[in-house]
Amino acid sequence: MMPQSIVVSNRKGKLIRLLGRAPLNVIVLLICAVWLLPSVGLLVSSFRPASAILSSGWWKAFKTPLNFTLENYRKVLTTANMGRSFINSLLISIPATVMPILIAAFAAYAFSWMTFPGRDILFLTVVGLLVVPIQMTLIPVLQLFNSIHLTGTFAGIWIAHTAYGLPFAIYLLRNFIGELPAEMFESAHLDGASHYTVFFRLVLPTSVPALSSLAIFQFMWVWNDLLVALIYLGGNPRVAPMPLTISNLVNSYGGGWEYLTSAAFISMFLPIVIFFSLQKYFVRGILAGSVKG
Amino acid sequence: MDVKVLLMAVLAIVGVPAMLVAYTMFSEFLVSKVRGEKKQGKIRPWLWILPALFLLFVFLIYPVVNTFILSFKNANSTSFVGLKNYLFIFTDKTMLTALRNNLLWLVFVTLVTVTLGLLIAVLTDRIRYESVAKAFIFLPMAISAVAAGVIWKFMYEFRPRGTPQIGTVNAILTTVNPSFEPKAWLFNPPINNFALMVVYIWIWTGFCMVILSAALKGIPDSLLEAARIDGANEWTIFWRIIIPTMSSTIVVVATTMVINVLKVFDIVYVMTNGTLGTEVIANRMYKEMFNFHNFGRASAIAVILLLAIIPVMLVNIRKFGQRRVK
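So the protein sequences, as listed, match chains A and B. Residue numbering for the first sequence follows the numbering used here, starting at 1 and increasing by one per position. Residue numbering for the second sequence follows the numbering used here, starting at 1001 and increasing by one per position.
Heads up, a few of these hints could be off.
Derived pair list, reagent style BS3-like, types lysine-lysine, alpha-carbon separation capped at 27 Å [as the list claims (entries may be wrong)]: (1) B:Lys-1084 <-> B:Lys-1263; (2) B:Lys-1217 <-> A:Lys-280; (3) B:Lys-1183 <-> A:Lys-75; (4) B:Lys-1084 <-> B:Lys-1073; (5) B:Lys-1073 <-> A:Lys-60; (6) B:Lys-1073 <-> B:Lys-1093; (7) A:Lys-63 <-> A:Lys-75; (8) B:Lys-1217 <-> B:Lys-1084; (9) B:Lys-1073 <-> B:Lys-1217.
Sample of chain A residues with no beta-carbon within 12 Å of chain B, all distances over it, derived [claimed, not checked]: (10) Ile-27; (11) Glu-71; (12) Met-184; (13) Val-208; (14) Pro-209.
Treat the hints as calculated values from the structure; they're not laboratory data. Being a predicted model, the structure only gives us computed values, none of them experimental. C-beta: ideal position from N, C-alpha, C; glycine also.
Model the full structure from these sequences, guided by the hints.
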């Protein structure tokens, strides 16, 4: 008697649980669909000829005969400056990611493992700078750039992105490097290692998780930035990164969806690949820095 | 051209880090020339933080002070005009629209992103494909606001009634309800403001979800189990245990969103450029700066933005401190 009734009630429980879970799954799947739909629409449209995009909804693209093309990508890469912009985006983003991380790592190491007067106040000031909206700095920095001819140059935008990324980078790395075990440093110094050796041989290798999170964060930030590029590159198409070029395309080809959809997807491609392959580090960076302004 | 670009790339990817490493080597060399261990220890830290301090001073501290001063000057910064620029901000019609819209954004977007983020975090906590579902919601965070603007402009595309709708939103609504009149979402005030906010919500809900989901996972299972044994249902558990335990995280997420929303720029710039009643503070500042060349007004707008952010940030830092102590 006993075992049988247990089986029955278990089955019943399972069924109830399954039924109870159906609405939950439906809701979650619905939310996911709503969130994916816009990007899917863009992706599908970017492979459709202009006439098809304008005459029917993208969801009708799968009706036979299939009518897909790579022409949009060819056109936007060759005639709309997107090819050049892609390279520009890389040329801007890579140094603007490496520079702040190295500089912040030097500073974070000094803030964590060297003693000097005013250290804590200085560190608090750096953290306080997280509050400052970039808008507060645009005019004076632009005037400075104009006077030393850095406007419209890669070097100018590298330095600007480096400086803007520093408060967050120092804050995040100081938290990580400061938590490394003190014994590690003591024994290294006893062995006669200099700060230089300790930093490059010990601190940087052990900080790889924090450095990766930071690198992804900063790279995405710079890669997707419009404002800083808009102000300091001064509309020079030869140095314009993709967001700047796309925003110009939006203005000039308001209804040219074959250009806009393919251009937007070209700019999304790399961040999406990075996102799916390194999602763990991205999430970690967000959690560590949720206080960022 | 190609050679130049290539050279630039090499300089950027190899040269810049090499220069920074060379700087540390050189500074260590300088320190080693100083006699006495103690003196060395006094100089070294400053050399290590010097590059950071220099950049922070030139790009953040000095500009902030300068912008404050510029905000009391006229358009080309030649004479002081007192509070005139601030008076302009609080009397000019477009500026008032921008302030009103930012307030609207702040309330609506923060409320929706945090609520949705929490809801999705709680819901996905109970399913097997949690990480996949969360990745989809989180994905827009990786996309630039400009690309998101293009995506949603296409979503909102409008065709007159009777012609095939190519914009997803109008297509869905006319299919569900055949008598629905297709709308030009970005051109009809006041809906256009909400149409823009939806884009921002689409991007940022994943951010809220990730942080809130991590906090949710931090609630000990024993606590929830104990409540269940005491006969509490899921609804009570949500309101009586999950929400109170997560309250400080919720505040941190909400304040972070408030700060982000206050600075909203790209989406508005790309999708409507502030026309038809959709102006926001940051876009207005850009226009004063580049279209009207009025540096006084642009600076005053930036100062207002900073003043709005500071109190929110203070709450954020205090709550963040509490959370870490826990």
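For the pair supplied as a hint, Lys-1217 (chain B) and Lys-1084 (chain B), is the alpha-carbon distance within the 27 Å limit?
52 Å, violated
Checking a non-interface call: every C-beta of chain B should be farther than 12 Å from the C-beta of Val-208 (chain A). Is that right?
16 Å, holds
Over 12 Å to the closest beta carbon of chain B is the bar; see if Ile-27 (chain A) clears it.
Since the minimum Cβ distance to chain B is about 6 Å, Ile-27 (chain A) lies within 12 Å and the statement is violated.
Given the hint that Lys-1084 (chain B) pairs with Lys-1073 (chain B), does the C-alpha gap stay at or below 27 Å?
9 Å, holds
Far enough from chain B: is every CB of that chain over 12 Å from the CB of Glu-71 (chain A)?
Glu-71 (chain A) clear of chain B: closest Cβ-Cβ about 18 Å, beyond 12 Å.
Non-interface claim for Met-184 (chain A): all C-beta distances to chain B beyond 12 Å?
18 Å, holds
27 Å Cα cutoff - pair Lys-1183 (chain B), Lys-75 (chain A):
31 Å, violated
Is the Cα-Cα distance between Lys-1217 (chain B) and Lys-280 (chain A) 27 Å or less?
Within the cut-off at roughly 16 Å; holds.
Decide if the proposed pair is consistent with the structure: Lys-63 (chain A) and Lys-75 (chain A), CA atoms, cutoff 27 Å inclusive.
Holds, at about 25 Å.
Would you mind confirming whether the straight-line C-alpha gap from Lys-1084 (chain B) to Lys-1263 (chain B) stays at or under 27 Å?
This hinted pair holds, its Cα atoms lying about 23 Å apart.
Given the proposed pairing of Lys-1073 (chain B) with Lys-1217 (chain B), does the C-alpha separation stay at or below 27 Å?
Status violated; Cα separation ~52 Å.
Pro-209 (chain A) non-interfacial with respect to chain B [C-beta, more than 12 Å]
Holds: least Cβ distance 16 Å, greater than 12 Å.
Taken one by one, the earlier hints fail for this structure at numbers 3, 5, 8, 9 and 10, listed in ascending order.
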